[in-house]
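Chemist: What follows is each chain in one-letter form.
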Amino acid sequence: MTVMKNTIKNMKKSTKSNLITYGMVIVAYIIVQIFSTTGNLSSMMQGLLVPLCIYVIAAVSLNLVVGFSGELSLGHAGFMCIGAYVSAFFSSCVGDALPGPLRFLFAILIGAAVAGIFGILIGIPVLRLRGDYLAIVTLAFGEIIKNLMNVLYIGIDGSGLHIQASDGGALVLDAGGKVIVNGALGITGTPKDSTFTIGVIIILITLFIVQNLVNSRSGRAIMAIRDNRIAAESIGINITKYKLMAFSISAALAGVAGVLYSHNLATLTVKKFDYNTSIMILVFVVLGGIGNIRGSIIAAVILTALPELLRGLSDYRMLIYAIVLVAMMLFNWAPAAISWRERMKEKIAERRKHQTKEAA
Amino acid sequence: MSFISHLINGISLGSVYAIIALGYTMVYGIAKMLNFAHGDVIMIGAYVVFTSMTGMGLNPILSILLSMVVCTVLGVVIERIAYKPLRNAASPLAVLITAIGISYLLQNVALLLFGAGAKTFTNVVTFPSISLAGGKLTITGVTIVTILACIVIMVGLSLFVGKTKPGRAMQAVSEDRGAAQLMGVNVNGTIALTFAIGSALAAIAGVLLCSAYPSLTPYTGAMPGIKAFVAAVFGGIGSIPGAMIGGILLGIIELLSKAYISSQVADAIVFAVLIVVLLIKPTGLFGKNIQEKV
Numbered sequence: 001m002t003v004m005k006n007t008i009k010n011m012k013k014s015t016k017s018n019l020i021t022y023g024m025v026i027v028a029y030i031i032v033q034i035f036s037t038t039g040n041l042s043s044m045m046q047g048l049l050v051p052l053c054i055y056v057i058a059a060v061s062l063n064l065v066v067g068f069s070g071e072l073s074l075g076h077a078g079f080m081c082i083g084a085y086v087s088a089f090f091s092s093c094v095g096d097a098l099p100g101p102l103r104f105l106f107a108i109l110i111g112a113a114v115a116g117i118f119g120i121l122i123g124i125p126v127l128r129l130r131g132d133y134l135a136i137v138t139l140a141f142g143e144i145i146k147n148l149m150n151v152l153y154i155g156i157d158g159s160g161l162h163i164q165a166s167d168g169g170a171l172v173l174d175a176g177g178k179v180i181v182n183g184a185l186g187i188t189g190t191p192k193d194s195t196f197t198i199g200v201i202i203i204l205i206t207l208f209i210v211q212n213l214v215n216s217r218s219g220r221a222i223m224a225i226r227d228n229r230i231a232a233e234s235i236g237i238n239i240t241k242y243k244l245m246a247f248s249i250s251a252a253l254a255g256v257a258g259v260l261y262s263h264n265l266a267t268l269t270v271k272k273f274d275y276n277t278s279i280m281i282l283v284f285v286v287l288g289g290i291g292n293i294r295g296s297i298i299a300a301v302i303l304t305a306l307p308e309l310l311r312g313l314s315d316y317r318m319l320i321y322a323i324v325l326v327a328m329m330l331f332n333w334a335p336a337a338i339s340w341r342e343r344m345k346e347k348i349a350e351r352r353k354h355q356t357k358e359a360a
Numbered sequence: 361m362s363f364i365s366h367l368i369n370g371i372s373l374g375s376v377y378a379i380i381a382l383g384y385t386m387v388y389g390i391a392k393m394l395n396f397a398h399g400d401v402i403m404i405g406a407y408v409v410f411t412s413m414t415g416m417g418l419n420p421i422l423s424i425l426l427s428m429v430v431c432t433v434l435g436v437v438i439e440r441i442a443y444k445p446l447r448n449a450a451s452p453l454a455v456l457i458t459a460i461g462i463s464y465l466l467q468n469v470a471l472l473l474f475g476a477g478a479k480t481f482t483n484v485v486t487f488p489s490i491s492l493a494g495g496k497l498t499i500t501g502v503t504i505v506t507i508l509a510c511i512v513i514m515v516g517l518s519l520f521v522g523k524t525k526p527g528r529a530m531q532a533v534s535e536d537r538g539a540a541q542l543m544g545v546n547v548n549g550t551i552a553l554t555f556a557i558g559s560a561l562a563a564i565a566g567v568l569l570c571s572a573y574p575s576l577t578p579y580t581g582a583m584p585g586i587k588a589f590v591a592a593v594f595g596g597i598g599s600i601p602g603a604m605i606g607g608i609l610l611g612i613i614e615l616l617s618k619a620y621i622s623s624q625v626a627d628a629i630v631f632a633v634l635i636v637v638l639l640i641k642p643t644g645l646f647g648k649n650i651q652e653k654v
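Here the protein sequences line up with chains V and P, keeping their order.
If you count the first sequence from 1, position 265 lands on 265 in my numbering, and the numbers rise without skipping.
If you count the second sequence from 1, position 164 lands on 524 in my numbering, and the numbers rise without skipping.
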C-alpha cells in the first residue's frame, strides 16, 4: 500500500493527469454499462452513445491541431468524411469475406491511414500559411472534399471497379454488379460494426496517442512552435516537420472517428460532413479549453448530449443551445467575467475564514 | 452570346458577394475578428423586407430602409453584448466561437418566427429588363441594379473611409488600436460604427440576393456568407477594393464553372481557386505583406 502511495506521489504531474483522464473515461464507461444492463438507459440515450464516442475522438484530435499546434483548422469534418467513405467502401467490398471484428479492424486502419495521408497532402501546402488564412484554406479543403464525394460514383462488377464522377445513371456494370458509392445518395448497407465498447476503446487509444505525443520531445517541439515560431526555428526545430506531424496525426484520428460514424449508420452521405460539423467540433475544443484534453472530452459529451436532452423543448432546443453557448463563452473568456469570478472566489474564501475563526 | 450572359450574371452574383465581403473585411480590418454571424444578418435583413412588403404592404424602398435600420441596430447590439466583452480575451478563438453561437442564435430565432419552409421572395426591383443584340442577350433589372448598387457602395465607402473624420478614425484603429486610443480616437465608437455600416450593407445584400434567388429560409445567409468570407480572403482581408474584386471574381468563377464544367462541383472549383491564389500570394490579391520582426 505504502509502495503504491509512494509511486503515485513520485509520479510526474503529466502522468498523473493522463491517468485521471483515462480513469474518467473508464469510470464513465462502467457507469453507462451498469445503467444499460439494469435497463435504466432510454433508447434515445443508447442511440447517442456511439455518436458521443465519435465526437470525443474528433474533439481530442482537433485539439492536437488547435490547442497544441496553435493552428485554427475549420476542415476537420473533411478528414472524418474521408475516413468514413474509405472504410465504408472497404467494408461494403469485403462484405462477409472477413469475419466482422477483423473486417472492422481493417476498416479502422484503412480509414486512419487514408485520412492521415490526406492530412499530409493537404498539410504541405496549407501549413505554409498562417492564422486566419490557414483557417480559410482548411475550410476550403473541407468543402472541396464534401463536394467531390457528392459527385463520386463507384460500382463493382465481374470486370473490376468502375469509378466515375458526375452521373451514376451512366455507370455501365455487368449483370450482378452493384453500385457501392452512389453520388449524393452515398453508401448504403455498411455493416453496423460500431459499438459503444469499441468506441470507448478507440477513445482510450486516441488519448494514449495524443497524450504521449504531447508529452514527448516532438510534442514539446510542437508547442514551442506554437508559442514562438521564430524562436523555435532559431534553435533548430524543423517547423514543417512538426506541424505536419501534428496535422496528419490529427487527420488520421479524425478519420477513425469517421470510420465509427460510417459503421454506425446504415446510410452514409456527405451532408453530415459539412462545415457546420467542423465548426461544432471546434466549439467542443474551445469551450473545453484550448489545449486541455480532458476539457475537450467533457465539452464534447455535454454539447452532444445537450440538444438531445433538450428534445422535449422541440423547437426551442437549438435556440437554447445557442444561448448557452454564447453565455458560456462570455463567462469563460471575457476578462470582466474572469475578474468577477476571482473576486467572488476571494469573497467566499474570506467568509470561510471568518466562519472558522468564529467557530474557534 | 451565352458566354456574355453568364459573365454578366457572374458579375451580378459577384457584386452581392462583394457587398457582403465588405462587411467581413471592414470588421476584420478594425476589430481583427471573423464575424461568422454576418451571413445570418443578411438573412434577417431579407426576412424584414419580406414581412414588411408582403405582410404590412409597405413599398419596396421603405421596406429596404426599414431592413437597413433593423440590421444596423442588430449588428450594433450583437457587437455590444457578445463581442465587446471578449475584445481583450486571452485567445482570439473565444470571440470566433461566440460569433458562431450568435449565428446559430439568429438562425433559430428566424426558424421560430418564420418557420423552416422556404418563403418566395417577391422581387423588389421593378426595373425593366434590357434586351441587347436583337433579343439574344437579356439583362434583367435585378442584375443591373445589383451591379449599380455595388459600384455606388464601393465608391461611397472608399470616399467615407478616405475623406471623412470617422473614416480616418477607422483606418487609425485598424492600423494600431492602442496608438489610436492615445491620439484621442474613440475606439469603441469606431468599432460600433464599423459594425453598423457592415450590417446595413448586409441588409442591402440580403435584398439583392433574394431578388435574384427568390427562396428565403433561415439558412439562406449561411452559404453566401461563407462564400463572401472566401471572397474577402481572396482579395486580401482588410482591404476594401480587395473585397470588391475578390467578390466579383468569385461570382464570375462560380457561374462560369456552373455553366461550363458542372453545377455540382462549382463550389469545389471556387474553393480550389482560392487555395491556389493563397498559395501563390499568401495574403490574398490586395493584402499587405507584413514582415515579422524578431
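Please note that the accuracy of each hint is not assured.
Computed Cβ-Cβ distance ranges for the label pairs, DEER-style [said to hold, decoys possible]:
{"#": "1", "chain 1": "V", "residue 1": "Asp227", "chain 2": "P", "residue 2": "Val515", "range": "15 to 23 Å"}
{"#": "2", "chain 1": "P", "residue 1": "Ser362", "chain 2": "V", "residue 2": "Lys178", "range": "45 to 53 Å"}
{"#": "3", "chain 1": "P", "residue 1": "Gly415", "chain 2": "V", "residue 2": "Ala113", "range": "54 to 62 Å"}
{"#": "4", "chain 1": "V", "residue 1": "Ser43", "chain 2": "P", "residue 2": "Asn419", "range": "52 to 60 Å"}
{"#": "5", "chain 1": "V", "residue 1": "Cys93", "chain 2": "P", "residue 2": "Tyr573", "range": "50 to 58 Å"}
{"#": "6", "chain 1": "V", "residue 1": "Pro307", "chain 2": "P", "residue 2": "Val433", "range": "54 to 62 Å"}
Cross-link-like lysine-lysine pairs, in silico, DSS-like; alpha carbons within 25 Å at most [unchecked claim]:
{"#": "7", "chain 1": "P", "residue 1": "Lys496", "chain 2": "V", "residue 2": "Lys271"}
{"#": "8", "chain 1": "P", "residue 1": "Lys618", "chain 2": "V", "residue 2": "Lys271"}
{"#": "9", "chain 1": "V", "residue 1": "Lys241", "chain 2": "P", "residue 2": "Lys641"}
{"#": "10", "chain 1": "V", "residue 1": "Lys178", "chain 2": "V", "residue 2": "Lys192"}
{"#": "11", "chain 1": "P", "residue 1": "Lys444", "chain 2": "P", "residue 2": "Lys392"}
{"#": "12", "chain 1": "P", "residue 1": "Lys525", "chain 2": "P", "residue 2": "Lys444"}
{"#": "13", "chain 1": "P", "residue 1": "Lys479", "chain 2": "P", "residue 2": "Lys392"}
{"#": "14", "chain 1": "V", "residue 1": "Lys271", "chain 2": "V", "residue 2": "Lys178"}
{"#": "15", "chain 1": "P", "residue 1": "Lys525", "chain 2": "P", "residue 2": "Lys392"}
{"#": "16", "chain 1": "P", "residue 1": "Lys496", "chain 2": "P", "residue 2": "Lys641"}
{"#": "17", "chain 1": "V", "residue 1": "Lys347", "chain 2": "V", "residue 2": "Lys357"}
{"#": "18", "chain 1": "P", "residue 1": "Lys444", "chain 2": "V", "residue 2": "Lys272"}
Note that these hints are calculated values from the structure, not bench results.
From the three backbone atoms N, C-alpha and C, an ideal C-beta is built for every residue, glycine too.
Chemist: Now look at each hint and say whether the structure bears it out.
Modeler: Evaluation of the provided hints:
no., hint, in the structure
1, V/Asp227 with P/Val515: 15 to 23 Å, "violated (45 Å)"
2, P/Ser362 with V/Lys178: 45 to 53 Å, "violated (39 Å)"
3, P/Gly415 with V/Ala113: 54 to 62 Å, "holds (56 Å)"
4, V/Ser43 with P/Asn419: 52 to 60 Å, "holds (54 Å)"
5, V/Cys93 with P/Tyr573: 50 to 58 Å, "violated (41 Å)"
6, V/Pro307 with P/Val433: 54 to 62 Å, "violated (29 Å)"
7, P/Lys496 with V/Lys271, "violated (39 Å)"
8, P/Lys618 with V/Lys271, "holds (20 Å)"
9, V/Lys241 with P/Lys641, "holds (22 Å)"
10, V/Lys178 with V/Lys192, "holds (20 Å)"
11, P/Lys444 with P/Lys392, "holds (12 Å)"
12, P/Lys525 with P/Lys444, "holds (23 Å)"
13, P/Lys479 with P/Lys392, "violated (35 Å)"
14, V/Lys271 with V/Lys178, "holds (23 Å)"
15, P/Lys525 with P/Lys392, "holds (21 Å)"
16, P/Lys496 with P/Lys641, "violated (39 Å)"
17, V/Lys347 with V/Lys357, "holds (15 Å)"
18, P/Lys444 with V/Lys272, "violated (33 Å)"
In summary, the numbered hints that this structure violates are 1, 2, 5, 6, 7, 13, 16, 18.
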